[in-house]
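Using the working numbering, the first residue of the sequence shown is number 89, and each one after it goes up by one.
Worth double-checking, as some hints may not be accurate.
Cut-off 25 angstroms, straight-line C-alpha distance, at most; resulting in silico cross-link-like pairs (DSS-like, lysine-lysine) [claimed, not checked]:
hint, residue 1, residue 2
1, K568, K418
2, K420, K568
3, K636, K939
4, K631, K958
5, K434, K418
6, K215, K188
7, K411, K568
8, K941, K914
9, K680, K411
10, K418, K680
11, K524, K513
12, K473, K595
13, K636, K420
14, K420, K631
Now the in silico label distances, taken between C-beta atoms and shown as ranges [unchecked claim]:
hint, residue 1, residue 2, range
15, P692, P642, 46 to 56 angstroms
16, Q880, K914, 18 to 28 angstroms
17, K568, E541, 49 to 59 angstroms
By construction, these hints were calculated from the structure, which means they are not laboratory data. It should be emphasised that the depicted structure is a prediction, and the values quoted were computed from it without experimental measurement. No residue lacks a Cβ here, since even glycine has one placed at the ideal position from N, Cα and C.
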Amino acid sequence: MATGGRGRVVAMAARSTLSAESVTLFLLLVLPRVSQAQTFFFPFRQPETCGHNQYFDISALSCVACGANQRQDARGTSCVCSPGFQMISNNGGRDITCKKCPEHMKGVTEDGWNCISCPGGLTAEGKCHCPTGHILVERNVNGTLLSQATCELCDESENSFTVANALGNRCVRCEPTFINTSRSCACSEPNILTGGLCFSSTGNFPLRMISAARYGELGISFTSAWFAKYLQSSAAACWVYGNLTSCQAVGNMCVMNMNYYDSSTFDACGLFQVIFENTAALGTVHSVSFWRQNLPWLFYGDQLGLAPQILSTTPLPTNFSFKGENQNTKLKFVAASYDVRGNFLKWQTLEGGILQLCPDTETRLNAAYSFGTTYQQSCEIPIPKILTDFPTPTFYDVYLEYTDENQHQYIWAVPVLNLNLQHKKMFVNQDSSSGKWLLTRRIFLVDTLSGRENDLGSQPRLIRVATQISLSIHLVPNTKNGNIYPPLITIVYSDVDIKDPNSQSVKVSFSVTYEMDQREAQVQTDIALGVLGGLAVLSSLLKTAGWKRRIGSPMIDLQTVTKFLVYYAGDLANVFFIITVGTGLYWLIFFKAQKSVSVLLPVPAQEERFVTYVGCGFALKALQFLHKLISQITIDIFFIDWERPKGKVLKAVEGEGGVRSATVPVSIWRTYFVANEWNEIQTVRKINPLFQVLTVLFLLEIVFFGVFYERFIEDKIRQFVDLCCMSNISVLLLSHRCFGYYIHGRSVHGHADTNMEEMNRNLKREAENLCSQRGLVPNTDGQTFQIAISSQMRQHYDRIHETLTRKNGPARLLSSSGSTFEQSVKAYHTMNKFLGSFIDHVHKEMDYFIKDKLLLERILGMEFMEPMEKSIFYNDEGYSFSNVLYYGNEATLLIYDLMFFCVVDLACQNFVLAAFLTYLQQEIFRFIRNAVGQKNLASKTLVDQRFLI
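Make a model of the complete structure from these sequences and hints.
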């Protein structure tokens, strides 16, 4: 704006004949002097801090002095003439003109514009004063000003029954209760005057009334200014005259007192109960026995066992469905609203956040009433905002609107469970048994009125806020048409002691829950758990029996019991996993796919058993995982090198100065290469862990890796078997004392230490079937076997293996004939020669035979035949040696990861954090498995750990 202004001024100067000096002077006078220092702060003043002869300037936001013969007006934002002065002009603020009245007309008219003679004297404001019962008359009927004001007495006789109004300027008819009681405008004894109403003392109306506001949460009770002023008069008008708004006002005060009822006291609810009992002759409303004519419906009655009948006896005569022509997915709640004085305000829908104190978008607020949607909203509200937004409470009677099969509209009263309600000084609605509950009807959100102790215009001593409102909908058991029982509003009020409102706040929440009877589902779950648990015991016994046979021990000892418990832990974890997954899929599929509502998702209280199953499954699966980990890192493994020397060479003899013939050494690099590859596949999994964490479609993931990826792209297990054959190295794995696996990697070409030309030639001959096949049995392809070795074979293996691993023993036990490494190398060659000769059937006393496993043996995972004299090699086309690797235990690892994810998600309610921690623990265990596996591999095979990457 300033830039544009300057441009216009310069243009004007260019067109005029003014000199440059004149233009400069003009600019200095017109434009603001921005170069000078400016201040942007000033004293903070409020209207009430201005003096008697000052007013608050709403523009300058400061106190300004009034003019001569002026003073502050009632609002404090303008000036008025002092007593004895009439206004001549008034433009607001201090811009008024006052003139002193003459001696014979010292009074000023009510509007302040004229002087007038006052026969009855003057008030402190300089206006004419009239006696009680009189009205002041300053003008004729046509508006002409009288020279002298008059005071006219209102006619209280039977002909008129008039009295002066509160302003003293009109005669109005007396309050009807005065006329009805005393046939006059006076309420003299023995009649009773209360709340501006006159009542006869001859009735049965209780005179001793308690105007107490009860705050049971804080244990405080004091006289409420609102109750003291209006309770008795409202109750009397309701009882004696059946006044509708008075009856509503009494009901409101009872609700403000948390429906507290004690037959020995006449507080708000006590008076309401007296009126209810003494107006039975008036009849009921809509045939509801708890709803008396002229009275609001506050209670359902105090009979024990009544609440369950109301909540779960009669279903709502309407259906809810998610799909189809009769789709009905909206809960249409409406409320009849009343102000604190008992006036009916309007019918209003609950949409738009009527019962939700937390602000939000309209779409989110209305989502609470979409059928089947579990809703939760919470926030923290400052006390000053509550005091500003809720100067008086508004009361709601909530109904559910529905349409019957004939398309007629009805409303169903929604019961309320007020957890603050006291009956016989007990919080009965906090009892776990619904048979002791006392249901009510009317609610409010905030009460800042009844907590005002002395003056209704003062700050409340206490306020009461509905901090928790929960709307629960129960599905009718075994319904196929989406029938529900009447909804229930559960409400919790908090009493707030106002000490420093600017620093106080209150937390509030609103929720909607849907429940169905899960007892039948729990019974079915228990049955499934019992049956599968029994099968788990049988499976664990079979595994334990198979383990005993594989270790060659017939005795049942503590180790056997421990092994059984470990096996049982793993199987029972699978049972929990099956049950939780099945239950979750049942809830997901049936809830999403249903047309008419028959299944609802469980509430948190009903999920406790499900959460327990998840926790138990995770703990047991973690135990099985650790057992698998320990078993894998403690296996015996040996790489059998089939490579033979290709001739002899001349080798210098140290210390003798001569040469001699020696066998060409066999390269160790092939063994190192195979060992390193074995080390790499120890933690290879069928499912990529990162991909697993990032996707929830784990079933599709398994299909992808098992059917497509391994078959057409890369199968590391099959590749390892091919590598062994190419390296001319076989692998013997002993996972148990007398059981293990054998990978036959003997090259069909005799040698693997060769150049590239010869290797390509050998591969080509193999591809063209110009050489024998790779299998252990001639003319077969079988390279992998499960082996059950005889005790004699195991003893011979242990004797050699003891020498091989003796380097880790005490120094005094080592032979003094050579170094430790040389002994280990010698033992390695001995073991290599022994195992090679064993495979070649050289040792007839320790021979073996090859056979297929029976179908039942494959199913049970155990062997029926014991290797007494000969060892047994079982053909294994499934590469089951992967059982000693991560690869062969994918189910265990996957279930463990899923359980870990679920436990973390249940604990922190954050699936992103759960996914991150799942991936992190996978990598930690992978690192530990690799580190320990490398050390074990190096100690069992003489492979230097530095070559294992």
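Regarding Q880 and K914, is the given constraint of 18 to 28 angstroms on their beta-carbon distance met?
With Cβ atoms ~23 angstroms apart, the hint holds.
Hinted pair K411 and K568, Cα distance within 25 angstroms:
14 angstroms, holds
Is the hinted range of 46 to 56 angstroms satisfied by the C-beta distance from P692 to P642?
52 angstroms, holds
Pair hint K420 and K568, alpha-carbon separation not exceeding 25 angstroms
Distance ~21 angstroms between K420 and K568 Cα, so the pair holds.
Holds or violated: K631 to K958, with C-alpha atoms at most 25 angstroms apart
Judged against 25 angstroms, a Cα distance of about 23 angstroms means the pair holds.
Pair hint outcome, K420 versus K631 [Cα-Cα no greater than 25 angstroms]
59 angstroms, violated
Taken at face value, is the distance from the CA of K188 to the CA of K215 at most 25 angstroms?
14 angstroms, holds
A range of 49 to 59 angstroms was offered for this pair. Does it hold for the Cβ distance of K568 and E541?
57 angstroms, holds
For K473 and K595, compute the direct alpha-carbon distance and say whether it is at most 25 angstroms.
Cα-Cα ~13 angstroms, so holds.
Measure nothing beyond the straight line between the CA atoms of K636 and K939; if it is 25 angstroms or shorter, mark the hint as holding.
21 angstroms, holds
So if I understand the rule, the pair passes when the alpha-carbon distance is 25 angstroms or less; does K636 with K420 pass?
The hint is violated at about 67 angstroms.
Tell me if the straight-line CA distance from K524 to K513 falls inside 25 angstroms.
14 angstroms, holds
Going down the numbered hints, you'll see the structure goes against 8, 13 and 14, while the others check out.
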